[in-house]
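K.L.:
Sequence:
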Amino acid sequence: MTNYKDYGVIWDVDGTLLDSGELHFDSWVRLAGDLNKPFTRDDFRATFGRRNPEIIRSLFGEHYSEQEVADLGFQKEEYYRAAARSGLSLLPGVRELLANLHTAGFKQAIGSSAPRQNIELLMELTGIESYFEAIVGSEDTQRGKPDPQVFQVAAEKLGLDPDRCLVMEDAVAGVEAATAAGMASIAVTFVGHHLDNDLIIAGAKRVVKSLEDVQVDTIVELLKIND
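Using the working numbering, read the sequence shown as starting at 1226 and increasing by one per residue.
Hints in this document: simulated from the structure, not taken from any laboratory. Please note that the accuracy of each hint is not assured.
[Claimed, not checked] Below are the EDC-like pairs computed for lysine to aspartate or glutamate, each with C-alpha atoms no more than 20 Å apart in a straight line:
#, residue 1, residue 2
1, Lys1382, Glu1358
2, Lys1449, Asp1386
3, Lys1230, Glu1358
4, Lys1262, Glu1293
5, Lys1382, Glu1354
6, Lys1262, Glu1287
7, Lys1230, Asp1442
8, Lys1434, Asp1244
9, Lys1262, Asp1296
10, Lys1262, Glu1247
11, Lys1230, Asp1386
12, Lys1434, Glu1321
13, Lys1430, Asp1442
14, Lys1430, Asp1372
15, Lys1382, Asp1372
16, Lys1230, Glu1381
17, Lys1449, Asp1388
All figures in this text were calculated on a predicted structure; none of them were measured in a lab.
Start from the sequences, fold in the hints, and give me the full structure.
P.N.:
Now the structure itself:
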């Protein structure tokens, strides 16, 4: 059996591994309420996947100090983590694909704009820690998607060149980041935040409804490993 240890798969979290979008939305609504500010579905769609400092300054104003922004972001994530502990589940096909990639020898990493504390909690709650060799969260980057930094750092942590990595994503900004990093990507639309055509325009090599439609051979093909 071929061992693919010289290749990697980098996973986005929200909307790809699991769907905790409503938990994030509710957490932002609570924070906005604390500040006597509005927070709408349109606000959520426009900012989902960006780093907290960018969201806070964009929606709530530029007048907050760096420490105030950090404190507000921490409070939002505390609301989120409290809700997440009540129960989360992986999206269809995720656990099987993680296991099959691990068995095949692929290196796997998380590449997310979420804080590391969130990522580690989600991995613990869903029991998937053993599949990942690296985690890249908001503390590891200075620029959010669609900037490619998050995926570049993940590839570096895996010890792999970008063209040997494939990104699993659900968002246009994430696919754009993967494309800018020189990585192939698969976009999953199960959560339904983005249209297929928009994901293709952003650079996705394959768009699927569910990760039940993705096999190890799919990733081997897109990475052109046997060419």
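K.L.:
Of the numbered hints stated previously, which ones are contradicted by the structure, given in increasing order?
P.N.:
Hint check: nothing fails, all pass.
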